[in-house]
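J.: Go ahead and model the full structure; you've got the sequences and the hints to work with.
Chains as they are written, first to last, in this note's numbering: chain E, 2 to 147; chain H, 155 to 276.
A hint or two may mislead.
[As the list claims (entries may be wrong)] Once the Cα atoms are required to be at most 30 Å apart in a straight line, the calculated DSS-like pairs of lysine-lysine come out as: (1) Lys230/H - Lys251/H; (2) Lys251/H - Lys141/E; (3) Lys103/E - Lys251/H; (4) Lys230/H - Lys141/E.
[Stated by the list, open to error] Covered by chain E, per the in silico footprint, the following chain H stretches (three or more residues, Cβ under 8 Å): (5) 175 to 188; (6) 208 to 217; (7) 249 to 261.
These are calculated hints, taken from the structure and not from any lab test. Every residue gets a Cβ at the ideal spot worked out from N, C-alpha and C, and that includes glycine.
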Amino acid sequence: MSRPHAITIVADSHEARRASLWLEAACRELAVPQEQVDRLALCLEEVLANIITHGGEAARSEPVHVQLEVEPRDGDRAARVTVSDAGAAFDPLSAPMAPPPKSLAEALPRGMGLGIIRQCSLGYRRQGGRNHLTFGASWKENAHRL
Amino acid sequence: MSTPAATTVTYEDIGDTLRRIVISGRLDNIGTTEMAAGLAEAVAEPKRGVIVDLTGVAFLASVGIGQLIATAQEIKGRGGFMVLLAMGSSSVMTSLKMASIDTLIPVFDNPSLAYSSALRGF
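T.: Written as structure tokens, this is what we have:
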């Protein structure tokens, strides 16, 4: 297992961008393929956007921790990102979600983040007054290297 | 980590009926806010076909996709048609597919096909 890479931010848009750029750089350092980097960076952005928008005062006043680990898994490799925040309890894996729009006319210009988060999520727990959401991506060991 | 440049919007007309709008930068919350006024200005003049060129976008979050949806709806509401141009294997294409927006707004990785689709309206 690799040494965890971690960053601590506050919940605002500028810090979310800083975390996203950090994750991209850390993934490159750990030779995560670009497609998986893109998925992880997008998921992180959506998770942090949820915390900023819906986490409340507690989320904004306490630090948000982001940790990245890359490890072997079943002969492949996997990257796991865990985000911990002190905001209102929120499990994106069980939260209600609107059905996908069938046409452009039906589409709403918001609310897509939850669907994106669910595609990457591995698990959620509420512990010590904080949300802990883990999401990840895996790839073949012999996939292209950066 | 260097600070990304500001997200920008430029546009050019191709004949009388087609406009190509080029967005460059990161379309996260900050970048989407930065480019919103420029995008609104770029689509203010009605054109039959609009191509939004995302090949210079390094990152596309759902907030940016929401802006693209609202813009496509506005253009369609006045009888126009909007398509997206993005590189086939890019973070932008990954975002569009993960948000399933490629089923709502046509997405091309070939400029010629994007131009003809924007003019045809399908």
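J.: Which earlier hints turn out false for this structure, listed by number in ascending order?
T.: 4
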